[in-house]
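According to the UniProt record's numbering, the sequence shown is numbered sequentially starting from 1.
Hints listed in this document are in silico derivations from the structure and should not be mistaken for laboratory results.
Hints may contain errors.
Restraint ranges, calculated between C-beta atoms of paired labels, are given here [unchecked claim]:
id : residue 1 : residue 2 : range
1  : G63       : R7        : 16 to 26 Å
2  : I6        : N34       : 10 to 20 Å
3  : T74       : V27       : 15 to 25 Å
4  : E8        : P84       : 43 to 53 Å
5  : R41       : M16       : 12 to 22 Å
Think of the CB as a built atom: it goes at the ideal place given N, C-alpha and C, for glycine as much as any other residue.
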Amino acid sequence: TFTHSIRERTIAENSMVVLLQGLQGEVTTVDLRNESTARGRVVSVDAFMNIRLADVLYQDRRGQLTRLQDLFVTGRNVRYVHIPDHVDIMKTIQNQLSKIHRVRNFASEGGGRKEFSTCFPSSVHLKVYTS
Numbered sequence: 001t002f003t004h005s006i007r008e009r010t011i012a013e014n015s016m017v018v019l020l021q022g023l024q025g026e027v028t029t030v031d032l033r034n035e036s037t038a039r040g041r042v043v044s045v046d047a048f049m050n051i052r053l054a055d056v057l058y059q060d061r062r063g064q065l066t067r068l069q070d071l072f073v074t075g076r077n078v079r080y081v082h083i084p085d086h087v088d089i090m091k092t093i094q095n096q097l098s099k100i101h102r103v104r105n106f107a108s109e110g111g112g113r114k115e116f117s118t119c120f121p122s123s124v125h126l127k128v129y130t131s
């Protein structure tokens, strides 16, 4: 399910973050800039490469292991994300792009958010601001 904003979807479809978003549900290792690692199940990835992991085995730079139920890694702290060997990279990217396009097409066909300008009489002038 895509709940990202239009801006996030645009960023994602124009970068390799779609590959990371396709890893949702997979167990992978994330190397962090502070030389620590986190291995866990990918819960979510946003367009800014912020990653939420569950059932995490965290190893600090000294090698000490800690089990965590949940870990949120900001994108700026990610050094490298290991792609599991069984993941077909091209297929994963294509699947994610098609999900983004389905969401975009759904909105353009009238299935998305409705504006209220049609609910008011013509004598009421309504300005709609979008970001």
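A quick look at each hint next to the structure:
no. : hint                  : in the structure
1   : G63 / R7: 16 to 26 Å  : violated, 40 Å
2   : I6 / N34: 10 to 20 Å  : violated, 33 Å
3   : T74 / V27: 15 to 25 Å : holds, 21 Å
4   : E8 / P84: 43 to 53 Å  : violated, 24 Å
5   : R41 / M16: 12 to 22 Å : holds, 20 Å
Checked against the numbered hints given earlier, the structure breaks hints 1, 2 and 4 and satisfies all the rest.
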